[in-house]
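Number of protein chains: 2
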Amino acid sequence: MTPSRSEVEREVLEELRPTREEVRLRDELFVKTKSVLEDVLKKRGLEGEVTLQGSARKGTWLRGSLELDVFVLFPPKDKEWIKEVAFPALLEAARALGEPEVRFAEHPYVRTVIKGVPVEIVPAFKVRSASEAITAVDRTPFHTEWFLQQVRALGDWIRDEVRLLKAFMKGIGVYGAEIAVQGFSGFLCEVLATYYKGFRGVIEAAAREWRPPTVLETSLPKEEALKRFEGPLVVPDPTDPKRNAAAAVSLNAYSTFIIASKLYSVKPSKKFFFPPKPAPARPVLPTYVVEVPALRAPPETVWGELRRVAKSLVKNLRSLGFEVTRFALWSDGSAAKIALEFLQDSLPEWEVAKGPPAWSPHALRFLRDKESWWVDEGRLFARRKRKYTEAKSAIADILKKLKAKSLILENSKIERVELAEERWLAEFVSGRPPWS
Amino acid sequence: MTPSRSEVEREVLEELRPTREEVRLRDELFVKTKSVLEDVLKKRGLEGEVTLQGSARKGTWLRGSLELDVFVLFPPKDKEWIKEVAFPALLEAARALGEPEVRFAEHPYVRTVIKGVPVEIVPAFKVRSASEAITAVDRTPFHTEWFLQQVRALGDWIRDEVRLLKAFMKGIGVYGAEIAVQGFSGFLCEVLATYYKGFRGVIEAAAREWRPPTVLETSLPKEEALKRFEGPLVVPDPTDPKRNAAAAVSLNAYSTFIIASKLYSVKPSKKFFFPPKPAPARPVLPTYVVEVPALRAPPETVWGELRRVAKSLVKNLRSLGFEVTRFALWSDGSAAKIALEFLQDSLPEWEVAKGPPAWSPHALRFLRDKESWWVDEGRLFARRKRKYTEAKSAIADILKKLKAKSLILENSKIERVELAEERWLAEFVSGRPPWS
Chain A
55 MTPSRSEVER EVLEELRPTR EEVRLRDELF VKTKSVLEDV LKKRGLEGEV TLQGSARKGT
115 WLRGSLELDV FVLFPPKDKE WIKEVAFPAL LEAARALGEP EVRFAEHPYV RTVIKGVPVE
175 IVPAFKVRSA SEAITAVDRT PFHTEWFLQQ VRALGDWIRD EVRLLKAFMK GIGVYGAEIA
235 VQGFSGFLCE VLATYYKGFR GVIEAAAREW RPPTVLETSL PKEEALKRFE GPLVVPDPTD
295 PKRNAAAAVS LNAYSTFIIA SKLYSVKPSK KFFFPPKPAP ARPVLPTYVV EVPALRAPPE
355 TVWGELRRVA KSLVKNLRSL GFEVTRFALW SDGSAAKIAL EFLQDSLPEW EVAKGPPAWS
415 PHALRFLRDK ESWWVDEGRL FARRKRKYTE AKSAIADILK KLKAKSLILE NSKIERVELA
475 EERWLAEFVS GRPPWS
Chain B
55 MTPSRSEVER EVLEELRPTR EEVRLRDELF VKTKSVLEDV LKKRGLEGEV TLQGSARKGT
115 WLRGSLELDV FVLFPPKDKE WIKEVAFPAL LEAARALGEP EVRFAEHPYV RTVIKGVPVE
175 IVPAFKVRSA SEAITAVDRT PFHTEWFLQQ VRALGDWIRD EVRLLKAFMK GIGVYGAEIA
235 VQGFSGFLCE VLATYYKGFR GVIEAAAREW RPPTVLETSL PKEEALKRFE GPLVVPDPTD
295 PKRNAAAAVS LNAYSTFIIA SKLYSVKPSK KFFFPPKPAP ARPVLPTYVV EVPALRAPPE
355 TVWGELRRVA KSLVKNLRSL GFEVTRFALW SDGSAAKIAL EFLQDSLPEW EVAKGPPAWS
415 PHALRFLRDK ESWWVDEGRL FARRKRKYTE AKSAIADILK KLKAKSLILE NSKIERVELA
475 EERWLAEFVS GRPPWS
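Listed in order, the protein sequences are those of chains A and B.
If you read the first sequence in our numbering, its first letter stands for residue 55, the second for the next number, and so on.
If you read the second sequence in our numbering, its first letter stands for residue 55, the second for the next number, and so on.
Chain A extracted, bound-state conformation:
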């Protein structure tokens, strides 16, 4: 039943499997968290089941990335109740466990770190099926159950296959459904690995067969799935056919995975799983970094804005005649940066303005302030002084205009990159994926 694995995959797996210590630590932390939570619930007279969910429960975490998702499953009520009754109880328990940090997704949850392991304590409702979920997290127990059933049906080896796939996605930079990545969630990796009977099955399908839209018949026939969902990858959630488990996957993440799969198929290498850290590099082409030093918004908002600002910046620069080859984004939650690469950061003094047709009522107005003009195939053209000849001043002025509509553009700084030292920037400047 175990799929055949290449030398590379066997070696990689040795580094991916959790250590015995990690497994022991998971058990210990869950027992502790559970007992503290149960005490608080009892004290407050709340009915709630404390469960372990996610990769720690499914045994699919990657060595060194242990994280506990502790879900407290309450009898169905409404979201208001969570905020006012359930959440304060979980917060009290978290205080007893360590330094709690409050986070917000659809509703508030608590995160704490115990013995170096992040523990998230999440309130959810215990519903009868995933399709009856009141909040998004109510589906998680069904995902967990679904995967454990696959393990029972297929065997323990599928966990290793999931680990290989997750590590591959992580290595090539497309692991995670969050807006910073717009890639493949852990659950999606589990569904893919199961559907294609292992890591190599997924890689081979992506390398040879995938083209958008790619539809997996997990819980719906293809035609039905195509009617319901858009996007390059359609994977109806096996626990809830109303939902596309691959909804977060952007065209970029999708196609990066395909090209990486093609390259890996031709020449498997550990580089895909553990890409080398690039050495500090000097840009071949003029490269600029826009830095926004202080952010006042949650990460999902920051990343959303960052992407919007970057795209708008690139579009404006291109319309001014600057050939922007590529861009990259970075944020650590407290600051954000946009890197831009140009073919030329200095343009000639003149540009060509395209005017109306010679017979247009606006024709003479177009000519009025032009030093030089001519007629070409019915249309007027003119030479005019370019507004921006230097990329830096163009960036600065575009940012000023975008600022009014953006939270994140306060006090932005623009610098030409001489030597890229930070990892993300060195990777960008090196000009090709570190796994290629």
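Worth flagging that the hints you see were computed from the coordinates, not collected in a lab.
Every value quoted in this text rests on a predicted model; they were computed, and no experiment measured them.
Some hints could be false.
Chain copies aren't distinguished; within one or between two, either way the pair holds.
[Unchecked claim] Cut-off 20 Å, straight-line C-alpha distance, at most; resulting in silico cross-link-like pairs (DMTMM-like, lysine to aspartate or glutamate):
1) Lys137 - Glu174
2) Lys321 - Asp423
3) Lys369 - Glu431
4) Lys321 - Glu425
5) Lys369 - Asp430
Following the hints, put chain B in place on chain A, whose structure we already have.
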């Protein structure tokens, strides 16, 4: 009946009207040519009517541009007969008149210069109507007759209006149906001036109403004309509705006339009729001239090829990343030149290559030799070294490739223009029409 004329137009007309001497010279030369021709025809036993046609007959030539079109009208036969019987007779007469030069249009004709005045002796058939023309020139007598009838109907003033229009067309560079100009023939100017009741009528219509397709209801209703003819300007020949008298008018000539009419409407000036000779000029933008020193083909062929080569050159340069703003052509019959203006004649070392989608079977082949590559919205892109960074070497190599298919590219020379002294080049380099 005489249309009102502005100060400018009255002044210009003073310079356009033929002198009494020119009129006398016309009569003298025609009488002489006619008598020589009639002697030869008689001697050879040929029936043929010697007539004066064209602007010399119609009295619409511009002072200093007298030219005699002497047509010998034979009873209808075939084109072969012209070549073998009629033409040798005309050539014999021309030899008696001066140094004859043989030219070829649809069939051969003779050109000679007497007392500084070019005299063309053209064989034609005397047909019953223009639509029965056997050769193109058989229509000419009908054009002459048609215009003389207009003069009889409207009055002598229409000749002055035609002269103003022709001089305007000449001044702005769109006078002539030949391929070098692709503009307005003398006859078309006569039709326009008559249709719009004078020079100002044409100018005002072009400035305010003309947009392509412009259709004049000269000998056909508009719908009918639009079914039969294409092109920006449709003027059914008043003597033959099967023919568009404006067929030669290119979109460029058409729109140049419109924009010049708009400018003249706003601010009439003698400049439009007698544009100043531009002073030698240094180019603002990098400008190159391609020169073909020796030509071995008739002018119509040379101009046709010159235009084709220039367009192909511009297209190729643009696809290599060079922004060509405009071009101009020049030829004096023995050599030809193409001038090209660039925004930049030196491009950066790198360019961006657009590859196939990531899922294409050709994806890996695209990446193979690329130093740097990335994925953008599903597609692969790569940085690659530009083949040509200097305009001059790009021009040279494109010409080499075009040469195989061209008569005119032997021994071509490419030079960067430092100082433009020749009139056409100085005009090009000045960057706007001399009449604007």
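When Cα atoms must be at most 20 Å apart, do Lys321 and Asp423 count as within-copy, between-copy, both, or neither?
between (60 Å within a copy, 16 Å between copies)
Should Lys369 paired with Asp430 be assigned to within, between, both, or neither, using CA atoms and 20 Å as the limit?
So Lys369 and Asp430 pass the 20 Å test across copies only (14 Å; inside, 27 Å).
Please sort Lys321 with Glu425 into within, between, both or neither, judging by C-alpha distance up to 20 Å.
between (58 Å within a copy, 18 Å between copies)
With identical chains treated as interchangeable, where does the CA-CA distance between Lys369 and Glu431 reach 20 Å or less: within a copy, between copies, both, or neither?
between (28 Å within a copy, 14 Å between copies)
Tell me, please, which holds for Lys137 and Glu174 at an alpha-carbon limit of 20 Å: within, between, both or neither?
within (16 Å within a copy, 101 Å between copies)
This entry satisfies every hint, going by the numbered hints stated previously.
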